[in-house]
Each structure stands twice: as C-alpha cells, then as structure tokens.
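Chain A is already provided as a structure; the job is to place chain B on it using the hints.
Protein chains in written order, with my numbering: chain A, 1 to 313; chain B, 1 to 313.
Since the hints were derived computationally from the structure, they do not count as laboratory data. Mixed in with the good hints there might be a few duds.
[Unchecked claim] In silico contact screen, one side only, chain A against chain B (beta carbon under 7 angstroms); selected entries:
(1) R113
(2) K125
(3) F158
(4) E262
(5) W266
[Stated by the list, open to error] Residues from chain A shown here face chain B by an in silico Cβ test under 7 angstroms; the list is partial:
(6) L109
(7) A110
(8) Q122
(9) W127
(10) D128
(11) T132
(12) R261
(13) M273
(14) P280
[Stated by the list, open to error] According to the in silico footprint, chain A covers these stretches of chain B (three or more CB under 8 angstroms from chain A):
(15) 105-117
(16) 216-223
(17) 253-265
Heads up, the beta-carbon is just placed ideally off N, CA and C, and yes, glycines get one too.
2 protein chains.
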Amino acid sequence: MKIMGTIAVNMPTLTILSKEEIAYRFVIEAANLPGLTISSDFENCDIVLGEPTMIRNALAALPRLKWVQSTWAGVEPLLDPSLRRDYILTNARGVFGGLMSEFILGYLLAHERKIFQRVDAQKNKKWDKLPTGTLRGKTVGLLGVGSIGAEVARTAIFFGMNVRGFTRSSETCMYIDQYFHNGDLLKFAESLDYLIAILPNTKETRKIIHAEVFDVLPKHAVFINVGRGSAVDEHDLIEALEQNKIAAAVLDVFEQEPLPREHPFWETKNLTMTFHTSAPSFPEDIAKVFIENYRLYIEGKSLNYQVDFERGY
Amino acid sequence: MKIMGTIAVNMPTLTILSKEEIAYRFVIEAANLPGLTISSDFENCDIVLGEPTMIRNALAALPRLKWVQSTWAGVEPLLDPSLRRDYILTNARGVFGGLMSEFILGYLLAHERKIFQRVDAQKNKKWDKLPTGTLRGKTVGLLGVGSIGAEVARTAIFFGMNVRGFTRSSETCMYIDQYFHNGDLLKFAESLDYLIAILPNTKETRKIIHAEVFDVLPKHAVFINVGRGSAVDEHDLIEALEQNKIAAAVLDVFEQEPLPREHPFWETKNLTMTFHTSAPSFPEDIAKVFIENYRLYIEGKSLNYQVDFERGY
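Next up, chain A with everything else stripped away, as it sits in the complex (with noise of 0.2 angstroms):
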C-alpha cells in the first residue's frame, strides 16, 4: 500500500456507481466511517464501489482512483485487456452462500415435488396425487466448491443429501462427502442426481461442461448453472434436453445476457431460466464487505476478496 499518499488514505473520497446508490449511501453514511467522504467528484475520487457495468465506463475519468469494491461476485467487465488495471479491485464474496443455497434448494426441491407438474394438473382440475420425491438419498455434484459452494454443500446435507465436490485441488469444505479433482471430471459425474455448476468465467472453466459430461449423467440427473454461462456448451446441453439424455436444465446464467430473443434456449424442452436473479447483490449485504474492506483500506492492510486480474477471479 506505500503507493498511496498519506492524505489519500486516511480522508479518502469514495464515489458510488450502482443502480442502488440511494441504498448504499444510506448504509455507508449510518456506519460513520472515519475520514470517508462519499462524492460523486471523479475528479477526487479515491475508491469506486458499485456495478462493474457502470465502472467500466467511468475508469478512464478517474485520475485518482486506487481501489474498486464491486458490489458483484462477477467481474468480467473490468477484467478486458484493454482496460487500466493500475488499482486494486475486489469484489464481493461471503455474501451470496445463503441467497444461491435458497436458489438452488427452491429448484431441487421443486423437481423433487413436482411443483410444475401439479400446476398443470390444478389448471386440469385433475386430483393427481404423482408420487412425490424427497432430497435425502439423493447425490449432488458441486462444479466449484468456493464460499457459495461451501454453502451449498451444507444446506445439502442438511436435507440428508450427499455431497461431491470438484476443485482445482483444495479439499477444505467439511460437508463435501467426497471430492473430485482435474481428470475425474466425467467419474465425478456419474451416477449424479444433480449436477450445480458454480464456477467463475476463466479459461480452465470455459464449456468444461459438454457432452462427454451430458453422456455420463444419468437420465434422470437435473443440471443447474448458477456461476457463469461460459462453463456450458450451450449445443451440447440443448441436445442433452431434447435427446433426453438429462431430465432437465435450471440455467440462471448464459454466455450472453440478456439473452437474445432468437436464442433456442427461450424453448428447448425441460429448461427452466431464471434471468441472473440466482443470488442478488443486495446492499445491506454488500455494504457490509465494503466497510469491512473500508476499515483495513485506512490501516494500510490488505484487502479481502481481491480479484487477480490475470486469473480472472
């Protein structure tokens, strides 16, 4: 941190670039941090909290700018090539294990109880007592085991369920029952009753899952991608639906957002989207990582949740 100057650090001028900055503002101001000035003066501007999106446009008119706090996991628009990387940027991690555990547990557990299908027997005024599933027993493979993953392996086994995580090669989440590393990929598939892919934007991610992967699931297996659009080959998973390879598809993220209305996902058989909604940003949560990275920034400490540039998370 010896690059900063002594003023800039201890009466440092943040500038909020978000769609909720009414929201963060209110937070930020409440918790009465010493020597922040909140300003919208790019011109002064020491630190950026907000949306990537919006960050982006404004880089090259910040001649101060030291730190960037994204009020997102994702980071990718601040991460092209071509943009300044002459500050530190973190983003927001250890807020969204509960909210993607809710997601993911809402769609596991409205496959299981056939939710859909009841509808539709409601619209038909047919009592239709379908036999119902149940989570416990059942086997679900976690594509990524970070702080969501660690998350979401807990609130599986809460419901009796086991747990197989694939990572590079940490092996440190207790609730993970049995992990799976680099060449496994297609053992650690197999017999599967729920694929959940929660992986960053990066090339080792990139269409890691394909058909190779669709082939081995079972019939029955449901995949759900809440992490990033990329880690899917989007042919492949529309031919695993409508070949019935896999039961069905949740895809809350996809290689292009929004996705273009001509795309055949909007009407491939058996999936279900859910338009990015999986784990929102919201700001008393994300707040809170700004103000604890707030506190070290003015120490001259480390950040949290730094994002190398290179790596891409």
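Showing chain B alone in chain A's frame:
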C-alpha cells in the same frame, strides 16, 4: 397388555392391508421378526398394518384383532364412533417431519423466488429480472408444534427465519423463538410472513383458521395447510384470497378429498393445491415404525404412538 393370551403375543399373525403390501412385506420379512407370521387369513389375524381406509372395511371380520398400526398419521376413518375400539390403534409418527419440511420449504422458496412468475416470463420470451426475495429474516408461524412442527421449525431456523409456535400448552421445541397459546391466536398471526397449519382433525382445531385470522395476517402473507382440511373455514379462505387479504395459499388437504370437481378452490385466485402429497408414507419409513412397535408388542410393553379414540390423535 394382560388381555392378550400368551400364544397370540408370542406367535402373532400380521395382515397387511395396504396398496403397497408387497413393499411392506419385503421390508418386514427382511427384518426377521421373532415369531411373526404374515398372512391374509382374517380369522387368525392379531395385527393389522395398513391404510385406515382399507382397515375400516375389514374391521368387523377380524375376530382376534389386538393391534392396528396405521401407515398414515391421520386415522379419521377408524375414529367413527360406530366402529369397534377394542384394539390398540397406533399411527405413523416421527417419520413425516423431514418430508413435510421439504414440502413447506419448497413452496416457501417457490414464493420468495417467484418460480411461477419466472416460468411465465420465459413463455413470453421476456428477460424479466423480477426482484427476488429471501427467507432470511422472514417470520413463519406454526399452528401445531408436534414432531412435524418441530422439524419444520428446525429447517426454518436453518434458513435464518424467525419462528413462532402456537400450541395448546407445551413449549418443548428448542427451535421456536416465541410461543403462543389458546387466547392468543390473533396475536400469533399478526405480522407473519407465512402461516403454516399442521393440525390434526379434532373438535378444538375445527375451523380454527377463519376470517378473523385472515384479517390480521399481512396482505403479503402466504397460508399453507398440510394438516387437515377441517382446520380452515374454506369460505373465509376464498374470500381472503379473492379480496387480496393475503397473497397466496397452498393447500395440501381439504374438507373433502378428492376435492369435488365443482369446488371453487380449483379456480380460486392465488391458490395452489397439491392433492394430499406433502408427506407420503414411504414403506421403508413406516415399516421401521411397525418393526419397533412389534418388538415392544411381543415383550408386552406399551406401544409407541397410541391413538386416543376420543381425543382423535
């Protein structure tokens, strides 16, 4: 247990009267229970395991009957005062909590996550980022805190909810934040986000949920009934939904089942029905209850989960 002859107790004959007779027979035979014969010979039958509806029709033809183990929690078909009561009736308990929690959490999450609205958006090819809700911090009120209610409470706490319990008197569940009793039903219902009825069918519970309760519930509240249909005034519920006094209802149980085709519930606004499927009696679960009780039975001990014919549960 003195009324039983030694021979009957030591070498009892079990008759299975269930739609899932084969599954029950398979699990019980595998348990190698001492002295037990499984037979459909009514003349020699000491014990019946099965569905109350099927057992009711056989009751008069079982001269040696000593014990009935119901595969259901609800035993109304056997409580008719015109029927014999000269046997021990035990119901299925302690096995439905997990299944019921899955059902309830499934519909709570479907509501928070706007699962049905997002399906409509997809049909209309609309990239619709309807803001999502979360269970965290919401308040659920459980009408009835037996073994099922306790498990639902534990699950709600896991998701960060606040939990209120309404019971006759006992306060034994550690997952209830706040207890309410007899006179306090309206205070209990005030400001709930979710009201869940898990009540058996008794004189005291009949239409306990009526217009006054719907009047004090917030407009955004959701009502879920997984107990018995008789606990709700159906007319008052329809009025509450049609007049937007509450946001939605999920009904698994009804005064009359199957629900008659001409019943207004089929088309009541914001009403979802699930055809009494919330906690199915899986033979592998219920057989365990029977097996444990059988061991008590041959030792002449008091059986678990005895039903009081007068009280009704």
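Status of the hints after comparison with the structure:
1. With a cut of 7 angstroms, the hint placing A/R113 at the interface with chain B holds, because the nearest CB-to-CB distance is about 5 angstroms.
2. Taking 7 angstroms as the C-beta cut-off, the interface hint given for A/K125 holds, the closest approach to chain B being about 5 angstroms.
3. The closest approach between the C-beta of A/F158 and any C-beta of chain B is roughly 6 angstroms, which is under the 7 angstroms cut-off, so the hint is satisfied.
4. Because the closest C-beta pair between A/E262 and chain B is about 9 angstroms apart, greater than 7 angstroms, the hint is violated.
5. The restraint placing A/W266 at the interface with chain B holds, with a minimum CB-CB distance near 5 angstroms, inside the 7 angstroms limit.
6. Interface hint at A/L109: satisfied, since its Cβ lies 3 angstroms from the closest Cβ of chain B, which is below the 7 angstroms cut-off.
7. Nearest Cβ of chain B to the Cβ of A/A110: about 6 angstroms, under the 7 angstroms cut. The hint holds.
8. A distance limit of 7 angstroms between C-beta atoms decides the matter here; for A/Q122 the minimum to chain B is near 5 angstroms, and the interface restraint holds.
9. The criterion of a C-beta within 7 angstroms of any C-beta in chain B is met by A/W127, whose closest approach is roughly 4 angstroms, and the hint holds.
10. Taking 7 angstroms as the C-beta contact cut-off toward chain B, the hint placing A/D128 at the interface holds, the least distance being around 6 angstroms.
11. The beta carbon of A/T132 is positioned within 7 angstroms of a beta carbon in chain B (closest approach about 5 angstroms), and the interface hint is therefore held.
12. Against a cut-off of 7 angstroms between C-beta atoms, the interface hint on A/R261 holds, since the closest Cβ of chain B lies about 5 angstroms away.
13. With a least beta-carbon distance of about 5 angstroms to chain B, the hint placing A/M273 at the interface is held under the 7 angstroms criterion.
14. With its C-beta approaching chain B no nearer than about 5 angstroms, A/P280 sits inside the 7 angstroms limit, and its interface hint holds.
15. For the segment 105-117 of chain B, the stated coverage by chain A is satisfied: 9 residues place a CB nearer than 8 angstroms to a CB of that chain, which reaches the threshold of 3.
16. Check on the segment 216-223 of chain B: 0 of its residues sit with their Cβ under 8 angstroms from a Cβ of chain A, so the three-residue criterion for coverage is violated.
17. Using a Cβ-Cβ cut-off of 8 angstroms, 4 residues of the segment 253-265 of chain B lie near chain A, which meets the minimum of three, so the contact claim holds.
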